[in-house]
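Colleague: Sequence:
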Amino acid sequence: MSNKVALIGVGAMGSAIGARLVETGNRLTVFDPNKDKVAALTAKGAMAAASAAEAASVSDFVILSLNSPRIVHAAVFGPGGVAEGAGPGTLIIDMSSIDPDATKALAGEAAERELRWVDSPLSGGAPKALIGQLTLMAGGFEQDIADAHQVLRHVASNYTHMGPVGAGQTTKLINQVLCALNFLAVAEATQLALDAGVDAAKIPQALKGGRADSAILQEYMPRYVTKDYRRTGRIDNMVKDLNGAQDLARRTNTAMPLTAVCAEIHRMLTASGLGGEDQAALMEFFKGPNKEIAG
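For the sequence shown, the working numbering begins at 4 and goes up steadily by one.
Be careful, since some hints might not be right.
Keeping only pairs whose Cα atoms sit at most 27 angstroms apart, straight-line, the calculated DSSO-like set for lysine-lysine is [as the list claims (entries may be wrong)]:
hint : residue 1 : residue 2
1    : 7         : 107
2    : 290       : 230
3    : 131       : 40
4    : 131       : 7
5    : 290       : 205
6    : 243       : 290
7    : 230       : 205
8    : 205       : 131
9    : 131       : 243
Worth flagging that the hints you see were computed from the coordinates, not collected in a lab.
None of these values were measured; they are calculated from a predicted model.
Kindly produce the complete structure, drawing on both the sequences and the hints.
Modeller: This is the structure in structure tokens:
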């Protein structure tokens with residue numbers, strides 16, 4: 004029996020999640036103000052809804068793929084939002100990356116309306132969603148986590164219950180700290196290799212299986228070398244997540260000096276107009292007067 008799923012938000016990530024859910028036999032109803040993105044999913048077999056409320060009214064699960072707590076709140080509790088159409092006990096699965104405290108407040112408001120809430124941010128990006136190999140870190144009640152897996156098993160190969168509501172978002176912030184530092188370290192090492200005359204394109208294979216190896220090294224050093232800036236993520240989205248990590252660090256009195264430097268470099272690139280570019284554009288930070296300008 005197929006799951007009846009509403010998907011609210013079909014940007015780059017939501018579109019990939021939606022495509023995978025349709026491919027794996029789920030009955031998907033989608034809503035997004037961008038009609039072209041909705042049409043791309045209806046062409047694959049999804050159904051379009053005129054509002055988030057309408058999408059929720061025909062679904063047992065509601066997946067959110069949005070950009071901020073404000074947008075999530077409007078999509079769920081605003082006019083025409085999920086709460087207007089969802090029946091009691093509907094499970095909301097928020098796959099957005101937002102603040103843990105905001106998540107707790109949203110889940111509390113949902114509970115007042117007899118709606119269930121799981122925060123399940125992701126790692127792996129759109130390419131992994133399309134092949135069902137996302138990594139998901141989830142927060143919520145144990146039964147809700149198990150119920151959410153009925154849908155999420157189609158898009159994820161690694162799904163971990165991290166604790167109560169908000170724990171998934173906290174884990175995602177930790178994930179983003181690790182990713183951001185790794186992106187920057189690999190970019191810096193790539194520039195050193197280029198300046199020192201080493202064939203940087205060979206380094207991922209040379210280091211494969213060693214302690215310096217990582218998925219980011221294998222995927223991004225070749226892209227850094229060739230200035231391949233095709234977008235699979237955005238620098239300004241990483242700024243948002245690093246801001247969230249720094250806010251959490253202030254609340255927990257956690258020293259994070261490396262994250263602070265990394266965040267400032269991301270902010271500098273965003274201020275220079277590169278916020279909408281992929282993490283591969285971190286190489287632009289290392290351009291000096293004698294460095295080749297990316298085309």
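Colleague: So if I understand the rule, the pair passes when the alpha-carbon distance is 27 angstroms or less; does residue 290 with residue 205 pass?
Modeller: Answer holds: residue 290 to residue 205 is near 21 angstroms, not above 27 angstroms.
Colleague: Check the hint pairing residue 131 with residue 243 against an upper bound of 27 angstroms on the C-alpha distance.
Modeller: Distance ~22 angstroms between residue 131 and residue 243 Cα, so the pair holds.
Colleague: Is the Cα-Cα distance between residue 290 and residue 230 27 angstroms or less?
Modeller: holds, 12 angstroms
Colleague: Is the Cα-Cα distance between residue 131 and residue 7 27 angstroms or less?
Modeller: holds, 22 angstroms
Colleague: Would the hint linking residue 243 and residue 290 be met if the CA-CA limit is 27 angstroms?
Modeller: holds, 24 angstroms
Colleague: With a cut-off of 27 angstroms on the C-alpha distance, tell me whether residue 230 and residue 205 pass.
Modeller: holds, 16 angstroms
Colleague: Can the restraint linking residue 7 and residue 107 be considered satisfied, given a maximum Cα separation of 27 angstroms?
Modeller: Distance of about 25 angstroms is within 27 angstroms: holds.
Colleague: Can you confirm whether the C-alpha distance between residue 131 and residue 40 stays at or below 27 angstroms?
Modeller: It holds: about 19 angstroms lies between the C-alpha atoms, which stays within 27 angstroms.
Colleague: Is residue 205 within 27 angstroms of residue 131, Cα to Cα?
Modeller: Holds, at about 25 angstroms.
Consistency with the previously given hints is maintained throughout, with no hint failing.
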